[in-house]
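Asks: The lines below spell out each chain.
Protein chains: 2
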Amino acid sequence: MNETLQTILQHRSIRSFTNDKITQEQINTIVEAAQMASTSSYMQAYSIIGVTNPQKKEALAQVSGQPYVKDNGHLFIFCADLYRHQIKATEEQLENMKANLENTEHLLVSTIDAALAAQNAAIASESMGLGMCYIGSLRNDIQQVDTILNLPPHVIPLFGMVIGVPAKEPEQKPRLPLEGVYFENEYNRNQDSSLNQFDATIKQYYENRSNNKRIDSWTDQMLRRFQNTMRMDVTPYVESKGFKKR
Amino acid sequence: MNETLQTILQHRSIRSFTNDKITQEQINTIVEAAQMASTSSYMQAYSIIGVTNPQKKEALAQVSGQPYVKDNGHLFIFCADLYRHQIKATEEQLENMKANLENTEHLLVSTIDAALAAQNAAIASESMGLGMCYIGSLRNDIQQVDTILNLPPHVIPLFGMVIGVPAKEPEQKPRLPLEGVYFENEYNRNQDSSLNQFDATIKQYYENRSNNKRIDSWTDQMLRRFQNTMRMDVTPYVESKGFKKR
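Residue numbers (UniProt numbering), protein chains in the order written: chain A, 1 to 246; chain B, 1 to 246.
Wrong hints could be hidden among the right ones.
Treat identical chains as interchangeable: a pair holds within one or across any two.
Said to hold, decoys possible - Below, simulated EDC-like cross-link-like pairs (lysine to aspartate or glutamate); rule was C-alpha separation at most 16 Å, straight line:
| hint | residue 1 | residue 2 |
| --- | --- | --- |
| 1 | K245 | D233 |
| 2 | K88 | D199 |
| 3 | K88 | D192 |
| 4 | K88 | D220 |
The set of hints was computed from the structure by calculation and includes no laboratory data. Here the structure is a predicted model, which is why all the values come from computation and not from measurement.
Could you build all of it, start to finish, from the sequences and the hints given here?
Replies: As C-alpha cells, this is what we get:
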C-alpha cells in the first residue's frame, strides 16, 4: 500500500493539540494543496480564511462550543464564495448574473468546490504528520461567524478546520460496511442488513473504547438526531446572502 | 516534499483513458478511502453508485454531453443521501424528522459529506497512478440521472467521477494566486490585483498550451458564464426530493 493510501486510511479526527503553532510555510503548503483540488468549470468558488486573532478565535470557539477551536496549531474557515465572480461586472451585468449566481445549482457548485479544497487540505496536513478536525458546529450561529469574518454578499462560511500537532491519538471510528454506501448500477433501498451489521460494530466500539464508553448504536444516534430540528436559521441566513433564492 | 503532497500538487483532470477497466480490488480500495473522510456528526450522509451497465453509461454520457462518461476505467456517481437515516423510523418518527432532515443545514451536511468522500477517492486513485475527472455536467438533467439510478426520496446525485488509466497527460491548469483565495482574520474584498495577476497568467496559459489555444481571461470566462441562467431545474428537483424545503 502506498504512503498516500496509508495516510487516508489512518485518518482520525484530532481534537486536542500541543501548543505548537504550525509555520507559515506549512500554512502555504496546505493552502496550495487545497487549491489543486478540482473545481467546477474553473470557478474556484471558495475562499479560506485563516484566523489568528485571539479575540476572533475566542468568539468562534463560543459559537462552536468547542475549546479546540481556540486551542490549536491553526484555524481555517472554508467559505462558499461567488463574490469574486462579480467584482468586475458592470451594474447591468450584475443584475443579469444574479438569477444564475443565486440558484441552487451554484449553491451546490460553491459548496462542493469548498469541500474538495478542504479535503485536500486535510490530507496534506495529515501527510505532514499533523492532525486535524472539521468544525461543523460553526453553523450553530452562522450569522455570527459571518459577522466575525466580515463576509460580503455571496459568501457563506461552511465549516472550520483546526490543524496542529496531536496531543492525543484517539482510536479510529468504524465506518458503514462498504456495501452500505457503495451500490452498483442503481440505488439499493434494502439496507437493513448492512445497518444491522454496522449497529453491532458500533455497539462494540463504544463498549470497548478507552474514553467515554457508552451503550449506543448508529441507528439510534441518527433517529435521536433527526427527531428535533436544529440550525433552522441556516435557511434564512443562506437566502439572505444570495444563495438558493431561485 | 512527501509522496502525498506530490500527488495532490500534480493533479490534472484526465478526460481520455485507455480501454483498461480498473479492478474490483482497486474499486474497493477507492471506496474504502472515500469512507475514511471525515463525516459530519458521524452521519455518513452520502452514497456512491458505480455504473458498469453499458446502457446506463451511454444514457449518462448523453446527459453530460461528454464521451468519457462512457469510455473510462470506471464511473462513480456521488449522491447526497439522507435516506438511510430514516429506514428504521416509525411513521410518526419520520414525520417529526422531516423538518430537520429537509432543511438547508442538512442539504449542506450531505453535500459536504459526499464531496469530502469524493476527494479522498480522487487522491486515492491518483496515488495508484490512475487519472480522474469530476463530472458536474450530470446536472445538465439531474432528474434524468435520478431516474437512471432509481434514487429514493432524500437522495440526490451531485456529480460523477470517471477514473482510469490516462491516455493523455494534459498540462496543469493554473490556480488563482494564493492571496486570492486565502485571507487572514477577515474577508478581503479588494481582489482586483490578484484577479488582474491571474488574468495575465491565464491569457498566457491559453496562448501557450499545445491543444485548443485561445485568447481568454478568467474574469471574462466568469462574466460570460454568469450572464445567462443555467440548470434552473436543479432548484425544483432538489426540493422535490425533500432537500432545502424549509
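Asks: Taking the earlier hints as the rules, which of them does this structure contradict?
Replies: Every hint satisfied by this model.
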